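**Q** Residues per chain, in single letters:
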Amino acid sequence: MIVDCHTHHLAGSYANYGGDLLASMDRYGIDHAAVFTYDGFFEESSRHNDELARFVDGQPDRLTAFATVHPRRADAAAEVRRAVTELGMRGLKIHPWLQGVSPLEGYMDPVAEVCAELDVPMIFHDGTPPYSTPLQFSLLAERHPDVTVILGHSGLLDLWPEALAAAKRTPNVWLCLCGPPTYALQKLVDGVPHERILFGSDIGFGSDYQARHRLEQVRALDLPPDSLDAILGGNAVRLLGLA
Amino acid sequence: MRIVDARCTIGDGRHSTLSPDELVDRLDELGVEAAVVGPPDRCLAVYNREGNELVRAACVRHPGRLIGFATVNPWYGDAAVEELGRAAAEGLVGLILHPPRQGFMLVDDVAEAVLEAAGELGLPVYVGTGTPAYSLPLQLTEVARRFPHLRFLMGHMGHTDFWIDSIPAALAAPNVFAEISYKQPHVIADAVAKLGPERVVYGSDAPFNTMRLELEKFMASDLDDRERELVASETLLSLLPAGVLS
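Protein chains in written order, with my numbering: chain A, 1 to 243; chain B, 1 to 246.
Source of the hints: derived by calculation from the structure; they are not laboratory data. Remember, predicted model here, so these are calculated numbers, not experimental data. Ideal placement from N, C-alpha and C gives every residue a C-beta, glycine not left out. Hints are supplied without guarantee of correctness; some may be wrong.
[Unchecked claim] Listed next, the stretches of chain A that the computed footprint assigns to chain B, with coverage defined by at least 3 CB atoms under 8 Å from CB atoms of chain B:
1) 122-132
2) 175-182
3) 215-228
With the sequences and hints as input, model every part of the structure.
**A** Here it is in structure tokens:
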């Protein structure tokens, strides 16, 4: 079973970039996807949490929705609670660079606390200074040891060594392999326990070719077959409570 | 179609190793005629001469298959200029600068003497771009405007987060050529549409990338046959001495 832990749903405000997520998943043999908003990073998050809940409705075997919130807002933690308890969402996605928030300012703490209480993971865009470096998320994870903190890109091209350090330092930091070059992915899987590594493609907008590219990158790694299966799906099944 | 890879690294690096023989085997498997090779990280940073000699020896061993680019760290000053001249005399046909590894900001004039020497020697200059704060597409454009007689290869088009800058930056300096490793097919096609295939070159950045996957995504980009031929080899070869592969 292949689970893609990094996809986006476009709700229509930015129609130029839209794609058909389920068709892309079918094209590349992806069984299930964790899906995040895109429009909601820029607009009213509660409206887009509702929209995303509608999008995944009726597709429990294919799609698991993650909420987003604007952490600066006083109602951010309450919106996480609503999204999880009323809309059935199973995680939180924050894109600090696009949303203009630092992982280490105080407003992030109540958001992390409610994720801990509700037992849902937080996934972040990472790999991009100044507001999305892996060690920033690692320190957030140290402050909130009961939250699973996922580095949504494992450091990208330049900061993967920081992602490696973060995952080795902090046991509740997980990696989503989605962006670093192949040699860096090998270093990451050589250094981090395989049960904390996920796969992601970042499809859902623009071209979906990178689902093919990123799956092939992971399949090309020197990994035991059990670990490959875990990274491509098994770990996500466990983390997200998929049947 | 002739395919020549504009960017590979040989030797023992900190995180990845590729011998010249292994590289040529890989080129054979994939139907790639030749590749530009440069020295590994420690030789970019410090051991420039060792790296340039490694590259020269690889080219001698594999004539017509490997094309050697030299590196010098601009902080060595006069010694860097001297080493670049020596390497060019030995048959290396381009210069690789790597600002993050070599510890300088691309727009800093510490690199001026080396760039002037590259100009006198007629060497194109390859610079990987996309790493803040030291090596960004618009910084390369600024340097390219200061040295309009030099040709610059904008390595991996600002990947990761400065890919949006890469095409506007290249449009602003006609002596900048985009190298497409890491880029997805639609970005490659966009670069060709906006810059023209005479300004875009195929490169894999092996062994950091998987060469097969880089080639597959180049082939998956929506280009016509003539555009693909130019990007695959002809544009790069136009920057190099005639007969470099003979």
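**Q** Each of the hints needs a verdict: does it hold here or not?
**A** For each hint, the structure was consulted:
Given as covered by chain B, the stretch 122-132 of chain A passes the check, having 3 residues with a CB less than 8 Å from a CB of that chain where 3 are the minimum. Check on the stretch 175-182 of chain A: 3 of its residues sit with their Cβ under 8 Å from a Cβ of chain B, so the three-residue criterion for coverage holds. Judged by the Cβ-Cβ criterion of 8 Å, the stretch 215-228 of chain A is covered by chain B as claimed, because 3 of its residues qualify and three suffice.
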